[in-house]
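Protein chains: 2
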Amino acid sequence: MEVWNNDRLSGQIAFIKEIDKLKGVLRQTLIMDGSRRENTAEHSWNIAVFAMLMHEYTESPRPDLNRVIRMLLLHDIVEVDAGDTFAYDTVGYEDKEERELAAANRLFGLLPEDQREEWMGLWREFEDVATPESRYANAIDRLLPLLHNYYTGGNSWVRHGIVRSQVIRRIAPVETIAPALWSFAMELLDRAVKQGILKEDE
Amino acid sequence: MEVWNNDRLSGQIAFIKEIDKLKGVLRQTLIMDGSRRENTAEHSWNIAVFAMLMHEYTESPRPDLNRVIRMLLLHDIVEVDAGDTFAYDTVGYEDKEERELAAANRLFGLLPEDQREEWMGLWREFEDVATPESRYANAIDRLLPLLHNYYTGGNSWVRHGIVRSQVIRRIAPVETIAPALWSFAMELLDRAVKQGILKEDE
Chain A
0 MEVWNNDRLS
10 GQIAFIKEID
20 KLKGVLRQTL
30 IMDGSRRENT
40 AEHSWNIAVF
50 AMLMHEYTES
60 PRPDLNRVIR
70 MLLLHDIVEV
80 DAGDTFAYDT
90 VGYEDKEERE
100 LAAANRLFGL
110 LPEDQREEWM
120 GLWREFEDVA
130 TPESRYANAI
140 DRLLPLLHNY
150 YTGGNSWVRH
160 GIVRSQVIRR
170 IAPVETIAPA
180 LWSFAMELLD
190 RAVKQGILKE
200 DE
Chain B
0 MEVWNNDRLS
10 GQIAFIKEID
20 KLKGVLRQTL
30 IMDGSRRENT
40 AEHSWNIAVF
50 AMLMHEYTES
60 PRPDLNRVIR
70 MLLLHDIVEV
80 DAGDTFAYDT
90 VGYEDKEERE
100 LAAANRLFGL
110 LPEDQREEWM
120 GLWREFEDVA
130 TPESRYANAI
140 DRLLPLLHNY
150 YTGGNSWVRH
160 GIVRSQVIRR
170 IAPVETIAPA
180 LWSFAMELLD
190 RAVKQGILKE
200 DE
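Quick mapping for you: the protein sequence lines, in order, are chains A and B.
For the first sequence, numbering that gives the first Met the number 0 gives the first residue as 0, with consecutive numbering after it.
For the second sequence, numbering that gives the first Met the number 0 gives the first residue as 0, with consecutive numbering after it.
These are computed hints drawn from the structure, not numbers from a lab.
The beta carbon of each residue, even a glycine, is placed where N, CA and C say it ideally should be.
There could be a bad hint or two in this list.
Unchecked claim - Think about it this way: if two alpha-carbon atoms lie no more than 27 Å apart in a straight line, the pair counts; the simulated DSSO-like pairs of lysine-lysine are:
no.	chain 1	residue 1	chain 2	residue 2
1	A	Lys16	B	Lys193
2	A	Lys198	B	Lys16
3	B	Lys193	A	Lys193
4	B	Lys198	A	Lys16
5	A	Lys20	B	Lys95
6	B	Lys95	A	Lys16
7	A	Lys20	B	Lys20
Claimed, not checked - A few chain A residues facing chain B, derived, Cβ under 7 Å:
no.	residue
8	Asp6
9	Val24
10	Ser43
11	Ala47
12	Val48
13	Arg169
14	Trp181
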């Protein structure tokens, strides 16, 4: 860690340098022109804007959008160490929690103590899915990949032979949090099945 | 534009699809491992987190961080049409305003009217640099590339033969907004000059 005259700042600069690696963590989704896989840094921007865009559709208790945005900007930082775990990868999910906690401790551990507590708190809140903010953040984090798959010819649905009911289970939380978005998602899945880019259940 | 059962949503989905192109807009900066150029979507995430990280160093009148974050998430969306203009490119800056206004009208024009007004307003506020929020947002948007250049062997400083005073002029707004960050930047530039990755003025 490079040391600067300002102690607090030394840790914070080390942190921003470290999380730059998120730009090299690749997800299963393609960017929407289909040309390459999306990285987690881009996704983090994308999902924060998507949260702003879709917030009007949330039902009471309305999540505090500012808190949601901050949570989403930080929610995937642990992937610097833990990598991206594919949504339908049951094996990867077995030790996901453990790997991500170790990553959170190391990465947020670079920050000054007060900031570390606050930021770890936001990350934990996202993971625990127990507040209106984290429920909304998680729901749209599951919704956005549908758009990516839909607009890139099915991509990971096709490659992994995903069927409609698997996607529906995955995005189930959307239904109560934002019914209008749920209707939209069902419409999108209908079209995807009709286009042959998502398999119907047998 | 693909039409969905929900009219408002049709425009909003068209918007999210359109701004996905920001992932293909390349900046002059390299990502910090030096392996490739950074794109504007990644940068937008990076700068929003950087704003969170550095907010404690702002002086009174303290900018509202929530507004800063939203502004930064949207500030470069116009680059989908207008491309990235290099900070030291005087020719590119001649018609930058015009190009970006046309882009803003087209892109935010995809949104429902109330949302369009709000989001265009945030973008204009960033461009006008007249509020504490936009002054802070602009200042750190100028500061972050110093870190990128510093940690990638000078990169665009070297390629374009930039000298120390040019960088200092570029980041001048940081001095009044966050004096501690200004001191840090001066320390960084000293080290960069000593390492031979930034030219001293003649």
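Outcome of the hint check:
no. : hint                : verdict
1   : A:Lys16 / B:Lys193  : holds (21 Å)
2   : A:Lys198 / B:Lys16  : holds (23 Å)
3   : B:Lys193 / A:Lys193 : violated (63 Å)
4   : B:Lys198 / A:Lys16  : holds (23 Å)
5   : A:Lys20 / B:Lys95   : violated (31 Å)
6   : B:Lys95 / A:Lys16   : violated (30 Å)
7   : A:Lys20 / B:Lys20   : holds (21 Å)
8   : Asp6                : violated (11 Å)
9   : Val24               : violated (11 Å)
10  : Ser43               : holds (5 Å)
11  : Ala47               : holds (6 Å)
12  : Val48               : holds (5 Å)
13  : Arg169              : violated (19 Å)
14  : Trp181              : violated (11 Å)
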